[in-house]
Amino acid sequence: MLIAVLSGFLIAFVLLVFGRLLKDKLPLVVSVLPTGLFLYFLSFLPGVVGGEAYYFSTPWIPSLGVNLDFRLDGLSLLFSLLITGIGALIFFYSDAYLKRHRYINRFYSFLCLFMGSMLGLVLSDNALLLFVFWELTAISSFFLIGFNNQSQASRRSSLLAWAITGGGGFFLMAGLILLGSITGSFSIQEMSASSGLIKEHSLYALILFTIFLGAFSKSAQFPFHFWLPGAMKAPTPVSAYLHSATMVKAGIYLIARFTPVLGDHVFWNNTLIVVGGFTMLYCAFHAIFRLDLKGILAYSTISALGMLMFLLGLGTESAYLAAMVFIGVHAFYKAGLFLTTGTIDLSTGTRDIRYLSGLRRIMLPLAVAGTLAALSSAGIPLTFGFVGKELIYEATWHHEWGMWGLTFLAVVSNILLSYSGYLAGIKPFIGPPPDISLEVEKPGTGLWMAPLILGAGGVIVGVSPAFANGLSEAAVAAIVEIQSPVSLSLWHGFNEVFIASMLTVVIGVVLFMIVKPSEIRLSTISRVDFLSPHQLFNHTAAFFKRTARTYTSFMHNGFLRSYITKIVFFSVCLLAYYMARNVQVLALPNNLTSVSVYEACIFIVMLSSILIILFSNSRLLAVIAMSMVGFCICLFFVYYGAPDLAMTQFSIDTLTTVLFVMVLLKLPPYLKMKDRSAQIRDGLLAASFGLLVSLIALQVLAEPTSKEVSRFYAENAYLLAKGKNVVNVILVDFRGYDTLVEITVLTIAAIGVYSMLKINSSEVE
Amino acid sequence: MNVFLLKSAAKYLLPLLLLFSIFILLRGHYVPGGGFVGGLIASIAFVVYLLAHGLDKTKILLKYPPFFYIPVGLGIALISGLVPMFLGEPFLTVLWFEDPFPVVGSVGTALFFDIGVYLVVIGVTLTILFTISENV
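Listed in order, the protein sequences are those of chains A and B.
Numbering-wise (the numbering used here), the first sequence opens with residue 1 and increments by one.
Numbering-wise (the numbering used here), the second sequence opens with residue 766 and increments by one.
Because the hints were derived from the structure by calculation, they are not lab data.
Incorrect hints may appear among the rest.
[Said to hold, decoys possible] When the alpha-carbon atoms are kept at most 30 Å apart in a straight line, the in silico DSSO-like pairs for lysine-lysine are as follows:
1. A:K666 / A:K516
2. A:K99 / A:K25
3. A:K758 / B:K828
4. A:K758 / B:K822
5. A:K545 / B:K822
6. A:K666 / B:K772
7. B:K776 / B:K822
8. B:K824 / A:K666
[As the list claims (entries may be wrong)] DEER-style ranges, computed between Cβ atoms:
9. A:E742 / B:L820: 22 to 32 Å
10. A:D682 / B:E899: 50 to 60 Å
11. B:F769 / A:S608: 30 to 40 Å
12. A:P223 / B:E899: 51 to 61 Å
13. B:S871 / A:A686: 40 to 50 Å
Glycine residues also receive a C-beta, built at the ideal position from the N, C-alpha and C atoms.
Please construct the entire structure, taking both the sequences and the accompanying hints into account.
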């Protein structure tokens, strides 16, 4: 199991480094991975259906309670099969779609990385491990969405997706840590065991808030939904993968997984119903106004995700069953529709629904695939979608909130969804032949095989839904104690649910016949765009950008003098504040020695050097005077018995002066301060800093000092380290580690200087 | 800078300063000195030569580019820290030879660590100075 999860990461790395060696064979070779994993997970199916759960554990960081715990139950298996099964089709399809793309190895590497993270996410039994994989999906999807990194829109939308889902991830982490600290364990199984304790806890509402933020941002629920339409900038196979079976379903998975831990509480259920219900209606409504095929699919995806949240919120056994079945239904038809769209886009060069028609004459297999997917999405009888739709109405009709309201909500959303399904899956293929200006190419087998398999799969399961019995029952059993065994069937009898289902189909078809997509309606809806959360997000981002720019141009303007002024000013403020509050100044210590002639001489030399620096007109003179000050400090060191310091100071001063002289000729003309106010400002700052440092020095003398550390070194230098020079013994022995790191830092500094200057000079050439 | 006095002085100063820097390096464990100061003094020796004879001649004198000395020094310091690990002691434990050597005195891994520091300091200082004097 560990190998199965980590294989994606391993292969991703291998592909990135050695992928080019495989050349054109690469996609087919890599496709072995998801196919093999699919078969591997399929081998667990009989056991899981039999009610077993497989548990695999490898210690990782036992001291923190983080272990590589993987648990395969019905829910995990459902997702694993979707991830690897649809993944395999996507891998094959991408071969045809990205034929001979320059960075095909990178693409497959990201795809493997993403698949591995998704598998880890749905299999983790450890909350922190789950979070790690959660973040990994965000990171790998960032690469996938921004794969066309030449286009600015693509980069922008991948950043947006990452910002939203990554931001949600922060909250999720907080929530999981809270959960872990309440239950004392990060194992999700053990958390469910203490579910009652959590729901009684005063932090329950906060935990819900954080977990919901994580799940809603990932699953693109209102008001975080806007990253998903943006993510359509990705290559179409990526959109198909991310938005049908994987990335966005992660939030659904999280909610389903934590239902036994946090669920069955009025806060939990009502939030999910309200947010999910609103998202489902809002985005289903939005979807029908789009003209871009992928735009339609994006909004209908969000709407379907809303429906899943809504179903999970209903909290009944039949609702969970409906959700689990609908996850499968949606994965099948949405992946099929996306891949169909991708092929259309590739062979006609447009995704605008207004210009696409009559393509069945050129690409019949694709037309069949698209139609099958659209029919399943609309819930026409004999498709898998019909089974799913019946279950949804079943769940809403028998809910305690009353039959009419919820069912009405579901029916309206489903009508709109079926309309957008027709638009995406059928509209391009019927009607008059396409405009001659569209140069339509006949797509190859690889471009219609995958969507056709998906469409056919939807029908096969639809005709004999008993195939899905075992898995959906096991998946529901992972969420809730199961009361009655699941038996999916085509015919539920003639009842209210059937009427609702037929109503959906009929109104959907009528809508499709009457309403034609047009630009006017798109512009109508974009008029209220300024109210949308996306705009709010953009304004916030623009505000941060502006603030950052102002801050940077003030704080980091590139003038050394301005940096020094700010640093000194800040230190003066901090130190003065501290001294004023905590230190009794002005108590001059009485153990000061009197000033000797030597000291007075050195002092006078220093003072006159400083005056020369301040008033000289020549830079050379100022530099020499500056080094005079340094040498005088050396003398002080010598005088007070610090020969090591003196030697170092002396050498450094020499080298600095040489360096200064070397660059002297290249510096801009010597600046003579004319501005009186600037002079006063700098003078005041320097004076206050000097005063403060003197006060601190005096204060240090007055404070009783602890000489324990220096005494230890002095006593042990020879005993432990056989050295008599304490300073050097500290450097090479007692604190040898520090020194090692210091010389490493020196090296980095040298590399920095070297590379910066070399790059600069090569640019000039 | 075509100054005869400086040129002749540099010729004699270079070996003297280098010798002095090694002297400082070796005595470090007992009296003021050590790898850091020694390295700085050795750099000064080359800088004096650089000022008198120019960059090209100094480079020839050094044989290898100055940044070559950095990894060598880092490596020596690291190995001196790793050696005790083979004998089961923690990283960077100082080991000593039993008998003192003539002239140098007692020799331990600390000395090699210091030699590493010495070389890194020479490498870093000269890399920075050479690069800057080349590019201005």
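Check the hint pairing B:K824 with A:K666 against an upper bound of 30 Å on the C-alpha distance.
23 Å, holds
Given the hinted pair A:K758 and B:K822, is their Cα-Cα distance within 30 Å?
Distance ~21 Å between A:K758 and B:K822 Cα, so the pair holds.
Is 51 to 61 Å respected by the C-beta to C-beta distance linking A:P223 and B:E899?
57 Å, holds
Tell me if the straight-line CA distance from A:K99 to A:K25 falls inside 30 Å.
11 Å, holds
Is the distance from the Cβ of A:E742 to the Cβ of B:L820 consistent with 22 to 32 Å?
With Cβ atoms ~28 Å apart, the hint holds.
Determine whether the Cβ-Cβ distance between A:D682 and B:E899 falls within the hinted range of 50 to 60 Å.
With Cβ atoms ~34 Å apart, the hint is violated.
Agreement of A:K666 and B:K772 with the hint, judged by alpha carbon distance not exceeding 30 Å
Roughly 24 Å between the alpha carbons, so the hint for A:K666 and B:K772 holds.
Does the beta carbon distance between B:F769 and A:S608 stay inside 30 to 40 Å, or does it fall outside?
Cβ of B:F769 to Cβ of A:S608: about 33 Å, so the range 30 to 40 Å holds.
When you check the alpha-carbon spacing of A:K666 and A:K516, does it fall within 30 Å?
71 Å, violated
Does the Cβ-Cβ separation between B:S871 and A:A686 fall within 40 to 50 Å?
Since B:S871 and A:A686 have Cβ atoms about 49 Å apart, the given range 40 to 50 Å holds.
Is A:K758 within 30 Å of B:K828, Cα to Cα?
Roughly 21 Å between the alpha carbons, so the hint for A:K758 and B:K828 holds.
Does B:K822 sit within 30 Å of B:K776, going by the straight-line distance between their CA atoms?
Cα-Cα ~12 Å, so holds.
Of the numbered hints listed earlier, those contradicted by the structure are 1, 5, 10.
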